[in-house]
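Between the sequences and the hints, there should be enough to build the whole structure, so can you do that?
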Amino acid sequence: MYTTPIREPKTEIPAELDRCRLEAKHMAETLLELEAKSSYEDQTRLVGSRIGVVSLVAATILALGACTSCNQLPTPRATSESPSSAPATERVVGPLTPADAQALATMNDRLRQYLDLRTKIERSLPKLPKEATPQQIDKNQRAMEKLVREARATAKPGDIFTPEARPVIQRLLASVFGGPDGKQLKAAIMDENQAAPSKVKLAVNGRYPDTVPLATVPPQVLQTLPKLTEDLEYRFIGDSLILLDVRAHVIADFIEDIVPK
Amino acid sequence: MRIRQWSSVALVLLLIWAGAAGVHAIQSPAESPVALPNKDGSFKFSVLGDFGVGDQKQFQLADQMATLHGRFKYDLVVTVGDNILGSERPQDFQKKFEIPYKPLLDAGVKFYASLGNHDSREQRFYKLFNMEGKLYYSFSPKAKIRFFAFDSTYPEPEQIRWLEKELAASNDDWKIVFFHQPLYSSGRTHGSDLQLREVLEPLFLKHNVSVVLSGHDHVYERVKPQKGIAYFVVGSGGRLRVGNIDRKSGLTAKGFDTDQAFMAAEISGDQMYFNAISRLGQTVDSGVLTRRKITP
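Going down the list, the protein sequences come from chains A and B.
Residues in the first sequence are numbered from 133 upward in steps of one, following my numbering.
Residues in the second sequence are numbered from 22 upward in steps of one, following my numbering.
These aren't lab readings, by the way, just hints derived from the structure by calculation.
None of these values were measured; they are calculated from a predicted model.
Cβ coordinates follow ideal geometry from the N, Cα and C atoms, glycine included.
Some hints could be false.
What the hints assert, rightly or not - Heads up, simulated DSS-like pairs for lysine-lysine below, C-alpha to C-alpha not over 25 Å straight-line: (1) B/Lys269 / A/Lys318; (2) A/Lys259 / A/Lys278; (3) A/Lys259 / A/Lys271; (4) B/Lys131 / A/Lys262; (5) B/Lys148 / A/Lys271; (6) B/Lys186 / B/Lys269; (7) B/Lys269 / A/Lys315; (8) A/Lys262 / B/Lys163; (9) A/Lys333 / A/Lys271.
Stated by the list, open to error - Away from chain A, derived, C-beta distances all over 12 Å, residues of chain B: (10) Pro58; (11) Ala87; (12) His90; (13) Leu97; (14) Gln144; (15) Ile166; (16) Lys245; (17) Ser289; (18) Val309.
Said to hold, decoys possible - Okay, the calculated beta carbon distance ranges per label pair: (19) A/Asp389 / B/Asp291: 50 to 58 Å; (20) A/Pro312 / B/Gly264: 20 to 28 Å; (21) A/Pro258 / B/Lys155: 31 to 39 Å; (22) B/Ala189 / A/Lys278: 40 to 48 Å; (23) B/Gln77 / A/Asp363: 34 to 42 Å; (24) A/Lys271 / B/Asp291: 44 to 52 Å; (25) A/Pro261 / B/Gly62: 33 to 41 Å; (26) A/Glu388 / B/Gly264: 29 to 37 Å.
This is the structure we're talking about:
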């Protein structure tokens, strides 16, 4: 007979509410973007968000590498000076300093180049049917992998995660992992990521190891990093951040030791 | 000897009584089970999440799904993500999906997948997941019922705009949304995704969504109705997290975290009946809910 197991509580409600409150602060970016772009939201919700929207737009322009306008914008305050009540975009991600924005822009340029290349490669391959077998998916993936590898034969670490962008990414992620949810975020990343991979040797153009599960990339991390198209993903292998080409199943670039111990 | 005969008679009577009561298995003695009515013409489906591990327990739960299908002919299974955990080679699709659910697939049951955080996006092309190459999509398996699959790992603004448009355009009585990360969950490992809730819940409320199905936390939980919407976490299809439900969250209407489980449901008119069934065939939760009817 089934009976519902009863356990002693380990977490008090106030603690949970506190956690919720903290997490709620991280929500602002997506919400503000929606509020700015969509008509379905209740207009009254926008009233308190106008300043946040303006900040977000400014940060986005900077982050996406609109370098020509960097110098025209006022220098935002440093992350460390942001009050704890500030929206997530200010408290965790930035706003980016012009120097940081410029550094990330170098990565965006490389990303664009990579996507141009893989688009050409993809066009040269038969289109994967919308209802494919695992064998067809695998075959297509391996064909793509081969062509990407050939086209980027001289690629090396740092070609996409540029030397300029790396320290900025490391710093931004350190601030995320050092934040109030840092422990939980690291646990989420390492969940299903245990068997991995100090032993896995990462290589640019290397196939994503077949036996390594795809690890979680928490939304807070995704929000912090430059945005990707749906053909590329950020993933973690062990404590390394990788840029995964989804269709080719190839590691396009990586940064080691980015998840703090 | 006489005692044994009487015991046998009693057991037979008990089984007859249980069979007459509808489609359900053993239930907690403290509660009256709500049987799935198993009506002709009703819409029947199952829900499965976080299942693709390829181990014995997944197979055993799959057997229960097939057993149920023998007497409760559900048309489809919606998956709430983490469909293939670990490696995703062609042989993994077999071992973690095609073999365990072969009886259902052979019986014509269709699986409609949403993707989890451990799923490769290439799964959208896998024909048995019926995603037709899309990361997010909607489908109507029967008049007045529509499902919406959402990719909650990457809730990009364009996807959210798509969801709103789809929800707004749908005049269906039943709008059921399914995706991986739960808006409400008492799972200690992940819990409620508050960022996602902030964005999606207003859409669900505005556009008359009645039921939301998720996974991610490897437990079964029926959340107390939130603003009139029913939320289920069905991440209990494979790698279980025993004892992972935080009973003090205040969210749980019914939780089950001691064995694998899936959910079976039946929509008849304005009612949706549901059972959660464990790996051992026990009905660990059951009930009936009424669809939302908001007036513009």
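(message) Just to be sure I understand the hint, the distance between the Cβ atoms of proline 258 of chain A and lysine 155 of chain B should be within 31 to 39 Å; is that true here?
(response) violated, 20 Å
(message) Between the alpha carbons of lysine 269 of chain B and lysine 318 of chain A, is the straight-line distance 25 Å or under?
(response) Judged against 25 Å, a Cα distance of about 24 Å means the pair holds.
(request) Could you see if the CB distance from lysine 271 of chain A to aspartate 291 of chain B stays within 44 to 52 Å? (result) holds, 48 Å
(message) Check the hint pairing lysine 148 of chain B with lysine 271 of chain A against an upper bound of 25 Å on the C-alpha distance.
(response) holds, 15 Å
(request) May I ask you to test the hint 50 to 58 Å on the CB atoms belonging to aspartate 389 of chain A and aspartate 291 of chain B? (result) Since the Cβ atoms of aspartate 389 of chain A and aspartate 291 of chain B sit about 56 Å apart, the hinted range of 50 to 58 Å holds.
(request) Given the hint that lysine 131 of chain B pairs with lysine 262 of chain A, test it: the Cα-Cα distance must not exceed 25 Å. (result) Distance of about 16 Å is within 25 Å: holds.
(message) Just to be careful, I want the Cα atoms of lysine 333 of chain A and lysine 271 of chain A compared with a cutoff of 25 Å; is the pair within it?
(response) With a Cα-Cα distance of about 24 Å, the restraint between lysine 333 of chain A and lysine 271 of chain A holds, given a limit of 25 Å.
(message) Using Cβ atoms and 12 Å as the threshold, tell me whether lysine 245 of chain B really stays out of contact range of chain A.
(response) holds, 14 Å
(message) Verify the CB-CB distance for proline 261 of chain A and glycine 62 of chain B against the hinted window 33 to 41 Å.
(response) At 35 Å between Cβs, range holds.
(request) Would you check the hint for lysine 259 of chain A and lysine 271 of chain A, treating anything up to 25 Å between C-alpha atoms as holding? (result) holds, 11 Å
(request) Check the following: the C-beta atoms of proline 312 of chain A and glycine 264 of chain B are separated by a distance inside 20 to 28 Å. (result) holds, 25 Å
(request) Determine whether the non-interface label on leucine 97 of chain B survives the test: each CB of chain A must be over 12 Å from its CB. (result) holds, 16 Å
Hint violations for this structure: numbers 6, 14 and 21, all remaining hints satisfied.
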